[in-house]
Amino acid sequence: MEATFIKRRSRELAVAGVIILFLLPLLGISGKTYLTLTIAGLAMGMLLFLVASGVSIIFGLMDVLNFAHGALFAWGAYVGFTVFNMMMKWVTAESVFKNFAVFLFAIIIAMITVAVLGIVLERVIIRRVYGNHLFQILITFGATIVLVELIRVFWGPNDEVMTVPFSFRGNWDVLDVIVDRYRVICITMGFALYAAIQLILKKTKLGIIVRAGVENREMIQAMGHNIFRLFTGVFAVGAALAALGGMAMSVFSLQVYPDMGGTYLLFAFIVVIIGGLGSVTGSLVGAIIVGLSYNYVAYLVPWAAAGANVMIMIIILLVRPAGLFPAGE
Amino acid sequence: MSESVLKVESVHTYIGQHHILQGISFEAVADAVTVLIGRNGAGKSTAIKTVMGLLAATDGRIIYRGQEIQRKKPYEIARMGIGFVPEDMGIFSGLTVEENMKVAMLVEDKTTHERLERTLNMFSDLRKFWKSKAGNLSGGQKQMLAIARAIVNDTSLLLIDEPSKGLAPIVVESLVKAINQIKERSVVILVEQNFFMASAVGDNFYILDDGFVVHSGVMEELIHNAELKSRFLGISKTANTG
Numbered sequence: 001m002e003a004t005f006i007k008r009r010s011r012e013l014a015v016a017g018v019i020i021l022f023l024l025p026l027l028g029i030s031g032k033t034y035l036t037l038t039i040a041g042l043a044m045g046m047l048l049f050l051v052a053s054g055v056s057i058i059f060g061l062m063d064v065l066n067f068a069h070g071a072l073f074a075w076g077a078y079v080g081f082t083v084f085n086m087m088m089k090w091v092t093a094e095s096v097f098k099n100f101a102v103f104l105f106a107i108i109i110a111m112i113t114v115a116v117l118g119i120v121l122e123r124v125i126i127r128r129v130y131g132n133h134l135f136q137i138l139i140t141f142g143a144t145i146v147l148v149e150l151i152r153v154f155w156g157p158n159d160e161v162m163t164v165p166f167s168f169r170g171n172w173d174v175l176d177v178i179v180d181r182y183r184v185i186c187i188t189m190g191f192a193l194y195a196a197i198q199l200i201l202k203k204t205k206l207g208i209i210v211r212a213g214v215e216n217r218e219m220i221q222a223m224g225h226n227i228f229r230l231f232t233g234v235f236a237v238g239a240a241l242a243a244l245g246g247m248a249m250s251v252f253s254l255q256v257y258p259d260m261g262g263t264y265l266l267f268a269f270i271v272v273i274i275g276g277l278g279s280v281t282g283s284l285v286g287a288i289i290v291g292l293s294y295n296y297v298a299y300l301v302p303w304a305a306a307g308a309n310v311m312i313m314i315i316i317l318l319v320r321p322a323g324l325f326p327a328g329e
Numbered sequence: 001m002s003e004s005v006l007k008v009e010s011v012h013t014y015i016g017q018h019h020i021l022q023g024i025s026f027e028a029v030a031d032a033v034t035v036l037i038g039r040n041g042a043g044k045s046t047a048i049k050t051v052m053g054l055l056a057a058t059d060g061r062i063i064y065r066g067q068e069i070q071r072k073k074p075y076e077i078a079r080m081g082i083g084f085v086p087e088d089m090g091i092f093s094g095l096t097v098e099e100n101m102k103v104a105m106l107v108e109d110k111t112t113h114e115r116l117e118r119t120l121n122m123f124s125d126l127r128k129f130w131k132s133k134a135g136n137l138s139g140g141q142k143q144m145l146a147i148a149r150a151i152v153n154d155t156s157l158l159l160i161d162e163p164s165k166g167l168a169p170i171v172v173e174s175l176v177k178a179i180n181q182i183k184e185r186s187v188v189i190l191v192e193q194n195f196f197m198a199s200a201v202g203d204n205f206y207i208l209d210d211g212f213v214v215h216s217g218v219m220e221e222l223i224h225n226a227e228l229k230s231r232f233l234g235i236s237k238t239a240n241t242g
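Sequence lines, in order, name chains A and B.
The numbering used here puts the first residue of the first sequence at 1, with every later residue one more than the last.
The numbering used here puts the first residue of the second sequence at 1, with every later residue one more than the last.
Honestly, the hints are just simulated from the structure, not real lab data.
Please note: incorrect hints may appear among the correct ones.
Calculated cross-link-like contacts (lysine to aspartate or glutamate; reagent style EDC-like; alpha-carbon spacing at most 16 Å) [what the hints assert, rightly or not]:
1) K202/A to E98/B
2) K72/B to E87/B
3) K7/B to D31/B
4) K205/A to D109/B
5) K102/B to D88/B
6) K205/A to E108/B
7) K133/B to E108/B
8) K205/A to E98/B
9) K72/B to E218/A
10) K203/A to E98/B
11) K32/A to D173/A
12) K128/B to E98/B
13) K73/B to E218/A
14) K110/B to D125/B
15) K32/A to D180/A
These stretches of chain B come out as covered by chain A in the derived footprint (C-beta under 8 Å, 3 or more residues) [unchecked claim]:
16) 94-102
17) 169-177
Just so you know, even glycine gets a beta-carbon here, dropped at the ideal spot from N, CA and C.
Chain B on its own, in the form it takes in the complex:
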């Protein structure tokens, strides 16, 4: 059995007065991509923002590599090796690509520079637009930059929120390739509505609905379960999700 990297246990999160996460539990294990999937408003983004410490868990435990992190501040969590790519990508538009990467690099030693080289080889467009303002990049390039920033440090867990949102299918395909490369080095938790992407990179899945985890399993099972896809993801039973 694979080692547990992140364990979320009965976590509750409020946004204002709204009770968004109502005791969800999920786990991310080593050498696997865990996908949180579900309809709009199911609580997927809230779940990873809570893991990242950007939203407070009012109850429950979040355990990362044996340590409880639910009371830690986001910067402390990031320094423990958790990378985060938000839904809006969080790009600093007024900064150049180079400056965006500089902000992301917590330590500027030889190993980090080697990692930077590897990252730039993976996303070659970033090298091309190195001195350009990040705000001038295309949607796909911005997503690449957002992911590159998150993996330039020694990241052992990467949280990615809907990377395929608003991107052309060809760009989504290149993201799939990139995430498959990343998963060789880091554990990935992916929030995704695009079933093509979720199924192409995911190993395990958790379906969220109205703040609850309603189903979980291995991705293979979900791919072949038309009933589940139709009920919770709104995918027609006859649709070819490829």
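Isolated chain A (complex conformation):
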């Protein structure tokens, strides 16, 4: 009976365990430092969510392991970087309106460019390897090499400095807690994206079909929906989300470099595994867990920061093998 209770309440137990774990650092650090770390962690989590949500939707619906997601992320960053360079006056202007306008414009251009790239990728190579994970890994890994080399061809092999829009620089001092402006923007952007995705998935017919497709692709076809068109659309959206993540992350990390996608792709996969494949809510929760734990552990035990995320992933998978919020639950 106990075992049944644990099984039934495994998600609540896992979430409660994570919350307790996140409150533990309060024993060793001051409240203000804790709040600063929490904001930094949330911002990192939201940036990871931007990348992971695309991976999750693509795997959840299409059952495609897209290792090229990191390269699409880098493409997003570079397209944004180019837009910033072309409109540098707006980026450095002491005007909140101009700064936000150029930031949004760069995001839109990056998302559209990378969505088109995603459509080409899906049509030309990924469509041929549906249902075969090994081939998907190999072929998307190959695509990553090509896409990263193309970045070197178009933008050069060196790291480039990403300019932060003027109004996004600096901090706010809120009751003696240092709050980085851009981190607040990232947190807002993450929650806004989550709300937008949820709205589309729950309130539009296309969104409902996508959710249904995550659960049972065969049935969706048998109900008269062209799953291949849906796949192309979902892949384009996933690629666009990667671009959004890349653009936002490059402003956060102040740089762009051809291999930048690989680092964040690893985090994105951890997020998706923790959250549950195919679930946007799962990706959000997973991203917050990874972002917070990375920042707390990096402050307390710097050498263990990356390993902590893997440990949390293992513990959650032991309690909930399908992740915290698997699709269909």
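Let chain A serve as the given structure and place chain B on it in line with the hints.
This is chain B only, laid out in the frame that chain A set:
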């Protein structure tokens, strides 16, 4: 003679390396329920999955209302007016009953909404649990939802795979009533192992065994042929199948 709605001619289907359908032929005619009956592993489910395009026919022809459909994709076949209820019901558990029906509705016009109303009158439980997650429904209610989704469009041929599987006898009886209502509007091909249900709704039958059609005829004949039932369906000659 009734008009032929679906004609399956010498169809072969493989699943992996296994040769499941070995040249089966059957026909569904207008105003009738055709039952594919046979033991486990006879190829019944494979047959309707092949009609639906979910499994590829490697040889033979499938003709629906005069058009060959064996090379068409499942969504194209569904859009031609063929509804499908799989053995596992294919319910989207994480979606509400309402959302399940929405996904099924290919066009949301006045006629479809009228059909939806009619369907909900037939399966009143669905109206009661309209906003509930489909995963929380009982087995019988899930089966009703699966059938409701398949008939909410302008379906002229309905393929149903073992609807009585795992259901209580009282639920099976209500399904029999529902299928008898459905057959007034659509041609039905039913895959069934439950002889009570097969005989209660079926007009014609095809017995499948090891990927071959071994016998066919009108249901009345099968009901009274104890030898056939014993040989291919494993029903004891003395059993009362009602």
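Evaluation of the provided hints:
Of the supplied pair hints, the one linking K202/A and E98/B holds, its CA atoms being roughly 12 Å apart against a limit of 16 Å. Between K72/B and E87/B the alpha-carbon distance is near 22 Å, which puts this suggested pair outside the 16 Å criterion. Between K7/B and D31/B the alpha-carbon distance is near 15 Å, which keeps this suggested pair within the 16 Å criterion. Of the pairs offered as hints, the one joining K205/A and D109/B holds, with about 14 Å between alpha carbons and a cut-off of 16 Å not exceeded.
Pair hint K102/B plus D88/B does not hold up; C-alpha atoms about 20 Å apart against a cutoff of 16 Å. At most 16 Å may separate the alpha-carbon atoms for a hinted pair to count; K205/A and E108/B meet this at roughly 11 Å. Restraint check: the Cα-Cα separation between K133/B and E108/B comes to about 22 Å, which exceeds 16 Å; the hinted pair is violated. The hinted pair formed by K205/A and E98/B meets the criterion: a straight-line CA distance of about 11 Å does not exceed 16 Å.
At most 16 Å may separate the alpha-carbon atoms for a hinted pair to count; K72/B and E218/A meet this at roughly 15 Å. Restraint check for K203/A and E98/B: the C-alpha separation of about 12 Å stays at or below 16 Å, so the hint holds. For the hint linking K32/A to D173/A, the alpha-carbon distance of about 11 Å falls within 16 Å, and the restraint holds. As the CA atoms of K128/B and E98/B are separated by approximately 11 Å, the hinted pair is consistent with the 16 Å bound.
This hinted pair checks out: K73/B and E218/A have alpha carbons roughly 11 Å apart, not beyond 16 Å. Between K110/B and D125/B the alpha-carbon distance is near 23 Å, which puts this suggested pair outside the 16 Å criterion. About 14 Å separates the Cα atoms of K32/A and D180/A, which keeps this hinted pair within 16 Å; it holds. Proximity of the region 94-102 of chain B to chain A, defined as three or more residues with a beta carbon under 8 Å from a beta carbon of that chain, is established by the 5 residues found.
Counting residues of the region 169-177 of chain B whose CB lies closer than 8 Å to any CB of chain A gives 0, so the stated coverage by that chain is violated, three being the minimum.
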